[in-house]
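J.: Those protein sequence lines, which keep their order, are chains Y and R. Mapping of the first sequence onto this note's numbering: residues -15 to 212, in sequence order. Mapping of the second sequence onto this note's numbering: residues 2 to 212, in sequence order.
Mixed in with the good hints there might be a few duds.
[To be verified] According to the in silico footprint, chain R covers these stretches of chain Y (three or more CB under 8 Å from chain R):
no., stretch
1, 97 to 110
2, 196 to 208
[As the list claims (entries may be wrong)] Covered by chain Y, according to a simulated footprint, are these stretches of chain R (three or more residues, beta-carbon under 8 Å):
no., stretch
3, 134 to 145
4, 164 to 174
5, 180 to 193
[Unchecked claim] So these bits of chain Y aren't anywhere near chain R, every CB distance computed over 12 Å:
no., residue
6, R(-7)
7, P39
8, P113
Honestly, the hints are just simulated from the structure, not real lab data. C-beta: ideal position from N, C-alpha, C; glycine also.
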Amino acid sequence: MIDVTAAVRLSVLVGLASTLLSLGPAVGCAWLLARGHFRGKSLVSAVIFAPLVLPPVVTGLLMLKLLGRSSWLGGWLAEQGWPLTFSLTGAVLAAVVVGFPLYVMAIRSAFEAVDPRLEEVSASLGASPWQTWWRVTLPLAAPGVAAGMVLAFARGLGEFGATAVLAGNIEGQTRTIALAVYTLLEAPDGHQALRSLLFASIFLAIAALFGFESLTRRQRGRLDLDER
Amino acid sequence: MTNDELGLDVDVRLRLGQGTRRWTLRAARGNVGIVGPSGGGKTTLLRVLAGVERRAAGHVIVNGEVWQDERRFVPAWRRRVGWVPQDSALFPHLSVRQNLCYSGSQDLDEVVAVLGVAHLLGRAPRHLSGGERQRIALGRAMLSSPQLLLLDEPFSALDKELRGRVARELVGWCRSRGVPVVLVSHDERDLMPFSASCWELGDDGLRPAGG
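Using the sequences and the hints, build the whole thing.
T.: Quick look at the structure:
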């Protein structure tokens, strides 16, 4: 028997947790890629965006090799009572890794849209690079960062392949909407539950995209782009 | 000219497009005006002085203080220059008052009176005309307690009457505080109120005007 409410709740939890956990690293990576000039930038970029082009199942398999109980880190964490595989933590981790490229991409665009001359003027007015980041760059990019969060959340909601491999399909623990739908496809009496899950899934996806659009528009307004 | 009398000692090279530009300028303490045609590199030269154009090689020494040479580069935020870019570059997410007070509000009332912008304080930059934007950018630079003002065509969007009044007020303000001005413009008349030593910027570099 599939618990529809539990699957929706779990998906939202995984989406929220993965989005919040990766916010700092995503902002940092996006900033580096948007404004940084350093050797090896292409390599860093390739590593960050690899999960976008790899099949999610392959990403999940790689993560299983790296973080599974047979690995050094995964084994040690499991001993401490924090198993990364076949657990909620694993589902969140899978969502983090698979959603990260989209997250970085959206925030990078937000940073790139900020006119560098505003940062230069801020510096000429005596603001240190850190002060300029807090007072000019981040406030101007903020709606774009929020749009990136919405996109990452939506991606986390729908994650399937890597989650199935790394976290499994455990009722109440790792069975998110996508995994519940997959399970119900094979169940002869699951039409009602399937309909509810599809409805919830479509509703959440449209709400997230609506939020993304509205936040992106807001950033354009903040940067005065609509008036040029 | 002895080193003590030297206000601006600049010798920089910068690759621009296919060629390399070299600008050499040794001017006595006081205001400096640079005229030249549009696209001649005036804006880039001001960017070098402001410390936001880091590709330039050479030296920049202002009032005896080394801002840039082979071993040293003082970043823009430590130079204390009030840089006013040609298109103002106001912070779009801040109100006019917040823009003006970005780095200090000590003389806000005086600067607002000098520039005649009291009625604009509550507005957002997107609701300002070009001339109003220029005056706010000027005020923002004046309020940053600069040791040098860098003005890039600062009156280009002002009408003739306002241009004269703002220039006179600005000259008085700078004189009372001992703040020298480097002003670039394509219009020589902009330099007149500043009694500046005047330089021409051409394809072959900088040379004293009329020299």
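J.: All hints are to be evaluated individually against the structure, with a verdict given for each.
T.: Structure-based check of all given hints:
{"no.": "1", "hint": "97 to 110", "verdict": "holds (count 10)"}
{"no.": "2", "hint": "196 to 208", "verdict": "holds (count 3)"}
{"no.": "3", "hint": "134 to 145", "verdict": "holds (count 3)"}
{"no.": "4", "hint": "164 to 174", "verdict": "violated (count 0)"}
{"no.": "5", "hint": "180 to 193", "verdict": "violated (count 0)"}
{"no.": "6", "hint": "R(-7)", "verdict": "holds (37 Å)"}
{"no.": "7", "hint": "P39", "verdict": "holds (41 Å)"}
{"no.": "8", "hint": "P113", "verdict": "violated (7 Å)"}
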